[in-house]
Structures are given as C-alpha cells and as structure tokens.
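Q: If you want the building blocks of each chain, they are given just below.
Protein chains: 2
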Amino acid sequence: MKNEIDVALLGLGTVGSGVHKILTRHKENFRKKIGATLNLTKILEKNLDRVDELGIDRSCIVSDFSEILDDPEIKIVVEVFGGLEPARTFILQALDKGKHVVTANKELMASHGEEILRKADEKKLDVLFEASVGGGIPIVRPLKQCLMGNKIEQVMGIVNGTTNFVLTEMSKEGCSFNEALKEAQRRGYAERDPSADIEGKDAASKIAILASIAFNSRVTASQVYTEGISNITPEDIAYARELGCVVKLIALAKEEDGELEVRVHPTMIPRSHPLATVDGVYNAIFVVGDAVGEVMFFGQGAGSMPAASAIVGDVIEVARNTLYGSSGRIGCTCFEKKDVKPIDEIYSSFYLLMNVSDQPGVLARIAKIFGDNDVSLASVIQKGPRGKNAELMFMTHLVKDKHLHAALKDIRKLPVVNEVCNVIRVEGAQSD
Amino acid sequence: MKNEIDVALLGLGTVGSGVHKILTRHKENFRKKIGATLNLTKILEKNLDRVDELGIDRSCIVSDFSEILDDPEIKIVVEVFGGLEPARTFILQALDKGKHVVTANKELMASHGEEILRKADEKKLDVLFEASVGGGIPIVRPLKQCLMGNKIEQVMGIVNGTTNFVLTEMSKEGCSFNEALKEAQRRGYAERDPSADIEGKDAASKIAILASIAFNSRVTASQVYTEGISNITPEDIAYARELGCVVKLIALAKEEDGELEVRVHPTMIPRSHPLATVDGVYNAIFVVGDAVGEVMFFGQGAGSMPAASAIVGDVIEVARNTLYGSSGRIGCTCFEKKDVKPIDEIYSSFYLLMNVSDQPGVLARIAKIFGDNDVSLASVIQKGPRGKNAELMFMTHLVKDKHLHAALKDIRKLPVVNEVCNVIRVEGAQSD
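Heads up: the sequence lines are chains H and R, in that order. Residue numbers for the first sequence follow my numbering, so the first one is 1 and each next one is one higher. Residue numbers for the second sequence follow my numbering, so the first one is 1001 and each next one is one higher.
With the rest of the complex left out, here is chain H (with noise of 0.2 angstroms):
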C-alpha cells in the first residue's frame, strides 16, 4: 500500500480555499481514517494576492497548469475553477494522464459529463462530482450506491440557495421580488449578476446531473425546461397562502412510461410537503424510489466549507480506490437512453390568476375557453371588485401544457380580460 498521495487543486475561490483549509486542517485525521496521507503539493492560482490573503505558503503554488500535467506523483486533480473553460480541457489532459479528478463543476458535468465519464471509465479512473449539486449535501453518492435497489420514480430539489432565499424572504416580510433581490446581494447571497439563479439555469444544471444519475439516462442541461423566479409577485404568495401552499423554485425530473420530464420552474407545493419547510439559503433533494418511498437529504447548498465537505469526502473516495485498486469502480450509470418529453407534454396542475372587468359573462367566457381546451378546472375564487376590475384565480386539475397555453392564448384576446397576471404549476399534492 501506498502511503502517500498527492493532490493537486485548481482555483482558490470560496470553495478551494475550503478545499486547502479542511485537507491541511484534518490531514492527520485522515491519515488515521484512510491509512494514507493526502498531500496537497500544488495550487494552481495567477492571483498572488489572493494567496497571501489566505496565508498560504507561495511555494505550493503554480501558474501553468503543466506543473501538475507533468507532476507524475499527483494522482488526484481537484477542479474548483467553474465553467467550461479552461476546465474542461484541464480535466479530459488529467484524465489522459492517468490522474484522478474530483470536481464541484456543475455547468460542466450538465454540459460534457458524458465526454468526462467516457473518458474516465475507459481510463479505470475515478470523476467523482458530489459537490456539484447541493454543496455539502451528500446526494450524488446515496443515488448511486445507497439507493441503487430502488427504481426511482422522482427526484424534485430545492438546488439553488439564491432564490429560495428570494422566495422565503417575499414569503415572511410580504416584500417583492426586487426588495427581496437587493437584500440577499446586501447579504452575499447573490451575486451582482445574479442572472444564472434567478432565471434558473444553476437548478437546471443540477436537475440534468441528478436526473442522469436517477434514471440511468444521459439528461443534459440544455434539454431542461427552465422558468425563473423574477415574474412571482406577493400576489402569488398570498393565494399560495390561502390554498395551503408555498412557492419554491423546484427542479424536477419523473420518469413515466419510459420517457423522462426534467424541468425548473417556481411552483406552488402543498405546506405539508417535506420541502415546504426548506427555507432560506439552505437545499434539500426529495426522492421517491419504489422500495424506500420518500426520502430527503437536506442541508447547505453552498459556501465555501460546504461545498469543500463534499469535494474531500470524494477525494478520499479517490484515495481509498487507489489503495484498493478499485479505481473507477463507479464509473457513468448511463448505461440507457430515454427521451426527455417536450414540455408541451407535459401534464401539470396550474393555479392562473387573471385580472378582468368586473361585470356579468366574464367567468363563463372564460371557462367556454378552457372547457373547449381540454382544461379542467378544480376551482375559482374571485376577488374584488376593485374598481372595474376583478381578480379571477383559478386551479386546474392535470392538463397537458399546451392545451393550457392554448386556452390562453384565447383568453388573453378577450376585450374582458385585463391581465393574465400569473401561471405557476403546482406540484407534490397528496393526489399526484
């Protein structure tokens, strides 16, 4: 056995500054736990600055990704730079050269996990990639290993910590989406372009890894069907209230017949669902397998330390495979292909709110329009009058999703109907 293993990592942003505190902080530990030691020889970071900042000593540190490339004793590459380049490219050359790689990179997994995970198992080398969904939440691993007796039906996560922040905030001070907005940056929550967790394209990201590992069926992100959160008004929250809801931002993916539905959208769940109560900056995954029923992992879904958590447990991972010989002994479960249904497919409960004229005729002629449309209604409040208008906000049972982009279509074109103010699906009730 080997008693050494050194590791190289790339970037010290927030997660590989966690990476370098915990691997040098518990190295003793691990040492005792593994029987080996992790060494971590070589940082590759071009900002000195950011390095004496953390108090890292210079000399570790390299400015050519060759350094390591050509290092025969790094057996372990830690990617934590995000984005598709220069990743990409520096973890396919680790690969070609034998190395191992763990890596938080979730854009990359969703986009070229396939071209990474071929490589890997024809290589016999480890990828592993727990920190690229739901930071410090072990949910990778259990997927593929501890719940690997199960066919597994669904998978619906709160992923993206921004906008559930967003949400719960809008939720507790009745704010709007702005106001919410401008409080999570004040608190570090978002990022000045906070456009990628807003619009939903993080959660979709994570949705196609998790979705791929589920359902044994390559998911990438572009097939994700993805809404964001910007058009949910306090309106929205209140009636959420009223019919005993809240409104997340869910990632989903189901399989039926065969065929997967993968989506990113803010949705109304009923307050007794287990995710429901997952507020804040904070995530959690809800997977319902055949034989274990309903299981949930929750936790922070970002930061540095989190996301580092998870990125040392798939290092050691890598190690105990090394000192084993068991290196990629879990490798890409893609081993079929399913189609991802057309969002227009798809069949989903709506709640709609609409703003029209309040005077006589107005509901019926708009429920002519959903009845001639294939969409069944499961109930209508109405509100006001105020003024001249009136809020009509209804429920619908399951219909396809173009039947009901279809009835609103006529809808909107009624002189009676101000505003179709909102559409949200509604997903997790007890009749699902």
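Source of the hints: derived by calculation from the structure; they are not laboratory data. The beta-carbon is built from N, C-alpha and C at its ideal position, and this holds for glycine as well. Be aware that a few hints might be false.
[What the hints assert, rightly or not] Only pairs whose alpha carbons sit at most 27 angstroms apart, straight line, appear in this in silico DSSO-like list of lysine-lysine:
#, chain 1, residue 1, chain 2, residue 2
1, R, K1144, H, K124
2, H, K409, H, K341
3, R, K1151, H, K144
4, H, K21, R, K1027
5, R, K1338, H, K144
6, H, K337, R, K1338
[To be verified] Derived DEER-like restraints, expressed as beta-carbon distance ranges:
#, chain 1, residue 1, chain 2, residue 2, range
7, H, A429, R, T1024, 41 to 47 angstroms
8, H, K27, R, D1374, 38 to 44 angstroms
9, H, D57, R, T1089, 52 to 58 angstroms
10, H, G280, R, L1092, 44 to 50 angstroms
11, R, T1089, H, A429, 45 to 51 angstroms
12, H, K46, R, T1024, 54 to 60 angstroms
13, H, A429, R, K1151, 38 to 44 angstroms
14, H, R50, R, Y1347, 38 to 44 angstroms
With the hints as your guide, set chain R onto chain H.
A: Relative to chain H, chain R alone:
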C-alpha cells in the same frame, strides 16, 4: 470478472420478504447497473406456510444454516433475523467461511459490532449494515464516506418511528400517551409488547451505531443513557407549544473535549429546528459537521420495503467490491478510544413542571434550592390557582445533570411541593 454472484437470505420476515421482492423484481436492472447477476439461491426459513404465503418457490428454501455455509457459490449472506442469537453465531460462521455479510441487525451491531467488524477486517470481507439505522434512509454510508472531510460535532436523530408516531398523535390530537399508543398498535406501528420502542432501547442501539461511526470510537448500546416517553403528558406537550417547542424522542451523540455524550430521551426542541417537522412514523438524522454545517437525512425509518432498499444497496456495494477485488475497503472506522461521559456530568437545559400549594413564598423557597445547587433559571411560568394548588413551569439554563437532580431531591421534600410532574431536557436551541 465473474458475472454471477449468489446470495443467501436468513429470514423471511417483514424485511426478508422485501429483500426477496427487490432482488427478484430488479434482477435484470441490477445486471445492467453492476455488470453481474445477483442470484438469491438459498433462503433459510423454517416456516413453510410463510414461504407459501409469499408465493416463493420452496426449492430455494433451506432449514439448516450449514446448507448455506457449505455452499461455496454463496458469496453474500443477508441476515434479517434480528436479535442476538443465532444471528451473531451465523454471521461469525459466514465470515469464517469467507462470505460477506449484510445485516439489518441494530441490536447485534450495537452490542457485538466490534467483534464482527474485527473479524471482517481480518478476513478482508465486507460487513455492511445500512439498514440497521433509519430504515431506508442513507446514513451509515454518508457518514463513512461523504462526510469524511468533517469532524462531526453532533448527531441528533428521530430514529424510532413508533415513539415518533405516538408523540405526533399526542401533539395533534391532544390525547394521552396510552390513547396514542393504542392508536399506534391499531395501525400496526407498535408491537403488542411495545416496550423496546417506548423505553428507548431501540433508539439506544441506533445512536450507539451512529456515534461509533461519527466519532470513530466504539460505543455500545449499554453505554447509552436511555429514558422512554411513557411519562410524557398532554400538559408537557401544551407547555412545549407555549415555549415554541415540540417534544420528540431524540437520540443524541456529541463530542466535546474528546469525550462523548450519547443519550436517548424525550426532548423539547424548537419548532424552527429541522427535526421538529418530522412527524408520524418518519425518521430523520440531523448531523452537524465542522465543514458541512447542518445536514439532515429524512425518510421512512422502518417497514419492509424501505429497510430492504437499504439492504439491497449494501448487497450491490458488496457485489461491486467483489467484482473490483476491493472487499473490505471500508471496514471498521473506530480507530480511536473516547470515553462516554456519565449522565451525571452532562450539561442540559431542562423544562420542569411542578404542582405546588398556592401560597406566598413557595417560589422563593424553590428558587433558593435551585440557586444553592448551581441551577440557574431561564424562565418561570405560573398557572393557576386551581383550587388550593398552582402549576409552576421552570426552564433552566445549562446545568449539570447531578446538580439538577440534587436540587429536585430537596425540592421534593418541601411540604408545599405536591409533585414534580415532569423533567424534560431541551436541545437544539440557537444558543447551544
């Protein structure tokens, strides 16, 4: 690579029948997932009526363990008998014969875990026991693998579904302990003799297992301080609600200054705590690590299929290790020896409910005794008078168990104190 792995099952009870069902139902799927076929070739079960009832072909039934032991093709033995014997003997014999073991036996692992895991390590065999804690909830593997980068600070769980159902029922219906227990029995959530659950023994075994893993130091069930829930009253639950808390049977393990606290007792936890919303027969394990922060694992803690899900996950893990020649790769992780603190020395906050005579000076006399015994009070609520009596509810700051009980001994001697109705620990507050 060997493409056929024979598995034997010991017992066809609730969990055993679930294991049989999954291994049969998903056989083809597992072949694709792991590259080998898992054949359940022998089942040890003496009750042939049970076999017929389950529709299982009698040809794979054996009545003598030696038929399994002496079958060289059987590589994995799944033990779901429960109880200490013959489970312990059979498992040790299986290991002696070079067979891997998967077990759901919490009682055995919590008392003889060291003996079994030591033998497995010597023989480089796998003994996996995910199903022994939390039913289908992945927790053993996440602790042993995903969270390895952490120094675990605390494990706090609702790990017994029966007691959680009883306490939830008392809380929701306002009924007595006995009424709630009857309802649990009516629904099949409690056994006819429910004492192992109600008295906390089942939870004690589970927290002993979790503590051993989390803190890398062997803890046995006999070292766990254990209190059951039979003395919890509707009044306690009402007071808890007033204090913003719920009452749960909490299994708790902490490390402080190199020493462990491991205990099971009814506990008031704030409604905002992630464990507070875990109701009914659901289980959850809340873990605090120095890097990951707070994570929680939620799901069904018992039942045929959830437990079988965990077992089959383990069987697949053993199969993968067999295929990759990495058996025994994660064995016993108790490489340290930490003392378990006696309950006397442990600091907790307490809720105390007393029935006293409604006359001047009573509170002063009680408060003096608390003060004389180093028990510092956080709050007092008086209710009543009811006739000649009143109720006094105290919350203490953190106090040593022995100081509290010394104070209570003196308080009980006061003629004005009719009864110390209950004493319940408080955990999980932000200030902890």
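Q: Give a verdict on every hint.
A: The hints, checked one at a time:
1. Between R/K1144 and H/K124 the alpha-carbon distance is near 23 angstroms, which keeps this suggested pair within the 27 angstroms criterion.
2. Proposed proximity of H/K409 and H/K341 is supported: the alpha carbons are some 22 angstroms apart, at most 27 angstroms.
3. Restraint check for R/K1151 and H/K144: the C-alpha separation of about 24 angstroms stays at or below 27 angstroms, so the hint holds.
4. Taken as a hint, the H/K21 and R/K1027 pair is broken in the structure, with Cα atoms around 44 angstroms apart against an allowance of 27 angstroms.
5. The hinted pair formed by R/K1338 and H/K144 fails the criterion: a straight-line CA distance of about 33 angstroms is larger than 27 angstroms.
6. Annotation: proposed proximity of H/K337 to R/K1338 is violated, straight-line Cα distance about 50 angstroms (limit 27 angstroms).
7. Our hint of 41 to 47 angstroms for H/A429 and R/T1024 is violated, since their Cβ atoms are close to 33 angstroms apart.
8. Here the CB-CB span from H/K27 to R/D1374 is close to 41 angstroms, well matched to the stated 38 to 44 angstroms.
9. The supplied range of 52 to 58 angstroms is met by H/D57 and R/T1089, whose beta-carbon atoms lie about 56 angstroms from each other.
10. Taken as a hint, the range 44 to 50 angstroms holds for the pair H/G280 and R/L1092, whose Cβ atoms sit roughly 49 angstroms apart.
11. Against the hinted window of 45 to 51 angstroms, the Cβ-Cβ separation of R/T1089 and H/A429 comes to about 50 angstroms, which satisfies the hint.
12. At about 57 angstroms, the beta-carbon gap between H/K46 and R/T1024 stays in the expected band of 54 to 60 angstroms.
13. Taking the beta carbon of each, H/A429 and R/K1151 are about 41 angstroms apart, inside 38 to 44 angstroms as hinted.
14. For the pair H/R50 and R/Y1347, the beta carbons lie near 42 angstroms from each other, so the given range of 38 to 44 angstroms is met.
Hints 4, 5, 6, 7, counting from the list given before, are not met by this structure.
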